[in-house]
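These protein sequences, in sequence, are chains W and A. Note that our numbering gives residue 114 to position 114 of the first sequence, counting from 1, and the numbers run on in steps of one. Note that our numbering gives residue 150 to position 150 of the second sequence, counting from 1, and the numbers run on in steps of one.
Among the hints, erroneous ones may be present.
No copy labels: a pair is met if it fits in one copy or bridges any two.
What the hints assert, rightly or not - Below 20 Å or equal to it, Euclidean Cα-Cα: the simulated EDC-like pairs (lysine to aspartate or glutamate) are:
hint, residue 1, residue 2
1, Lys29, Glu169
2, Lys186, Asp157
3, Lys42, Glu211
4, Lys193, Asp157
5, Lys193, Glu224
6, Lys186, Asp21
7, Lys186, Glu242
8, Lys29, Asp228
9, Lys29, Glu90
10, Lys42, Glu134
11, Lys186, Glu91
12, Lys193, Glu217
13, Lys42, Glu169
14, Lys29, Glu63
15, Lys193, Glu99
Keep in mind that the hints were calculated from the coordinates and are not lab data. These numbers were taken from a predicted model, which means no experiment stands behind them.
There are 2 protein chains.
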Amino acid sequence: MSEAVNGGTLYGVGVGPGDPDYMTLRAAKVIGAAEVVAFFAKRGRPGHARTIAAGLFSGNCREMPLVYPLTTEIAPHTEEYRTQLAAFYEESTAAITAELQAGASVAVLCEGDPFFYGSFMHLWRRLYGRWPIEVVPGVTGMAGAWTRAATPITWGDDILTVLPATLSEEMLTDRLQATNAAVIMKLGRHLPKVRRALAAAGLGSRAVYVERGTMSEERILPLEAVTDETAPYFAMVLVPGEGRRP
Amino acid sequence: MSEAVNGGTLYGVGVGPGDPDYMTLRAAKVIGAAEVVAFFAKRGRPGHARTIAAGLFSGNCREMPLVYPLTTEIAPHTEEYRTQLAAFYEESTAAITAELQAGASVAVLCEGDPFFYGSFMHLWRRLYGRWPIEVVPGVTGMAGAWTRAATPITWGDDILTVLPATLSEEMLTDRLQATNAAVIMKLGRHLPKVRRALAAAGLGSRAVYVERGTMSEERILPLEAVTDETAPYFAMVLVPGEGRRP
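Throw the hints in and build the complete structure from the sequences for me.
Following this line, the structure appears as structure tokens:
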């Protein structure tokens with residue numbers, strides 16, 4: 001890396017799937033040198049990314065929690081949801097901008113990889129071109145999951161499709177039928193729908209359920225053995241490919 | 001990580017997309033402690049994974065190059081290809097087994113992530129259950145590519161489809177039409193076909209070409225500006241999603 005860790009630079013730092021040892025060397029260096037460490041968190045929670053990276057914070061760094069508004073009761077496709085989240089990202093951007101203007105280096109911690117379904121992207125698009133930005137890629141949550149599940153995900157010429165569980169049952173079924181391997185993210189209350197879509201696509205028996213992959217409360221079992229009606233945020237379903245194996 | 005780096009253990013170690021700073025803390029620890037470091041390489045080449053990780057080798061580790069047979073002239077779907085590669089993986093497995101039997105720790109270096117289109121998987125499936133194995137996930141080549149291209153790949157409820165360029169033009173077009181974001185891997189001589197499939201799916205203008213992402217000879221430009229008829233192995237095409245952006 002040619003870029004030094006200076007003040008006035010924004011870092012979007014992937015902290016990986018959960019196990020702190022799965023942070024990159026670059027992430028460790030940037031986090032340890034940052035004057036301000038920012039992280040997303042739900043109200044009243046410590047923030048998953050902070051939990052992963054806290055062991056690397058320098059003794060005198062300042063912490064900037066970015067606390068999501070309470071949107072759990074609002075559907076993500078409504079204008080109200082969009083408005084509340086946009087205001088939140090604008091406020092977060094303003095807080096970070098103030099630090100950058102004062103010459104501070106700001107590291108925003110991101111679960112997994114910053115550019116793969118990451119909240120950081122909403123700050124990035126507001127700050128890109130205005131400040132020096134370095135994005136540090138990370139091990140994705142899905143890579144942590146398939147590693148711990150001992151299920152190589154793609155072989156030979158396998159197609160991999162990553163599907164948010166928020167999609168309709170029809171769309172999920174259709175896309176599952178057209179792929180060799182799949183990862184279904186953001187399970188939550190969508191678990192029963194995902195189960196039906198996998199069954200309709202003939203993939204129920206191949207599906208593996210991974211909850212909190214690489215974290216201390218990790219839980220991995222065949223989806224058919226899972227009787228829960230809802231899943232936590234850090235849960236996903238893997239459908240390993242079956243491609244060429246010389 | 002609870003497991004120590006002992007003799008008689010096999011490690012499949014993701015070394016990330018190319019920049020050595022994108023190796024994980026766990027990868028660095030395992031590589032630095034390994035008695036034997038194995039890596040895949042084409043004949044006469046140093047091996048990409050070795051190049052990435054060599055700075056971490058201990059002074060007294062033994063290197064075990066696993067040199068692919070010359071299969072470039074053989075189509076991957078033929079029996080001859082399968083037979084030659086199977087023999088190669090059997091020989092590699094035997095060489096690693098001999099080291100494990102002698103009590104040595106063996107780290108097999110893997111570009112990107114070991115369980116994502118990795119040659120290591122072919123050793124893993126021959127050794128799984130017979131020896132202690134630890135797989136260390138890595139930053140994928142595609143994450144390195146979308147980071148350096150400054151293109152967040154998936155927003156909101158975007159579907160991501162990962163497609164090997166080896167697929168037929170019809171299949172590529174069909175799958176590109178059914179996704180929000182895409183990564184097309186293994187470009188090589190398939191570049192003209194990929195270009196046609198993207199055009200047919202109406203995605204030509206959104207496609208970004210990334211060659212050797214995060215490496216010193218990195219080359220990133222809109223696919224429409226690429227006039228090459230073939231691409232190197234470390235080249236891919238990204239089609240960034242355009243999902244929800246509050």
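Hints, verified against the model:
1. For a Cα distance limit of 20 Å, the shortest separation of Lys29 from Glu169 qualifies neither inside one copy, at 43 Å, nor across copies, at 44 Å.
2. Proximity of Lys186 to Asp157 under the C-alpha cut-off of 20 Å is restricted to the inter-copy arrangement: shortest distance 9 Å between copies versus 26 Å within a copy.
3. Taking the shortest Cα distances, Lys42 and Glu211 sit within 20 Å of each other inside one copy (19 Å), while across copies they are farther apart (38 Å).
4. Proximity of Lys193 and Asp157 under a CA criterion of 20 Å is satisfied inter-copy only: 16 Å between copies versus 29 Å inside one chain copy.
5. Taking CA atoms no more than 20 Å apart as the test, Lys193 paired with Glu224 passes inside one copy only; the shortest distance there is 14 Å, against 40 Å between copies.
6. In this assembly of identical chains, the alpha carbons of Lys186 and Asp21 never lie at most 20 Å apart, being 24 Å within a copy and 30 Å across copies at closest.
7. In this assembly of identical chains, Lys186 and Glu242 lie within 20 Å of each other by CA distance solely across copies; the values are 18 Å between and 24 Å within a copy.
8. For a Cα distance limit of 20 Å, the shortest separation of Lys29 from Asp228 qualifies neither inside one copy, at 40 Å, nor across copies, at 38 Å.
9. When the C-alpha separation of Lys29 and Glu90 is checked against a cutoff of 20 Å, the pair qualifies neither within a copy, at 28 Å, nor between copies, at 40 Å.
10. Proximity of Lys42 and Glu134 under a CA criterion of 20 Å is satisfied in neither setting, with 25 Å inside one chain copy and 33 Å between copies.
11. Proximity of Lys186 to Glu91 under the C-alpha cut-off of 20 Å is found in neither arrangement, the shortest distances being 25 Å within a copy and 42 Å between copies.
12. Taking the closest pair of Cα atoms, Lys193 and Glu217 never come within 20 Å of each other, the shortest separation being 25 Å inside a single copy and 46 Å across copies.
13. Taking CA atoms no more than 20 Å apart as the test, Lys42 paired with Glu169 passes in neither setting, with 28 Å inside one copy and 45 Å between copies.
14. Taking CA atoms no more than 20 Å apart as the test, Lys29 paired with Glu63 passes inside one copy only; the shortest distance there is 17 Å, against 29 Å between copies.
15. Within a single copy, Lys193 and Glu99 get their C-alpha atoms no closer than 44 Å, and across copies no closer than 48 Å, so neither meets the 20 Å cut-off.
When each numbered hint is compared with the structure, violations occur for hints 1, 6, 8, 9, 10, 11, 12, 13 and 15.
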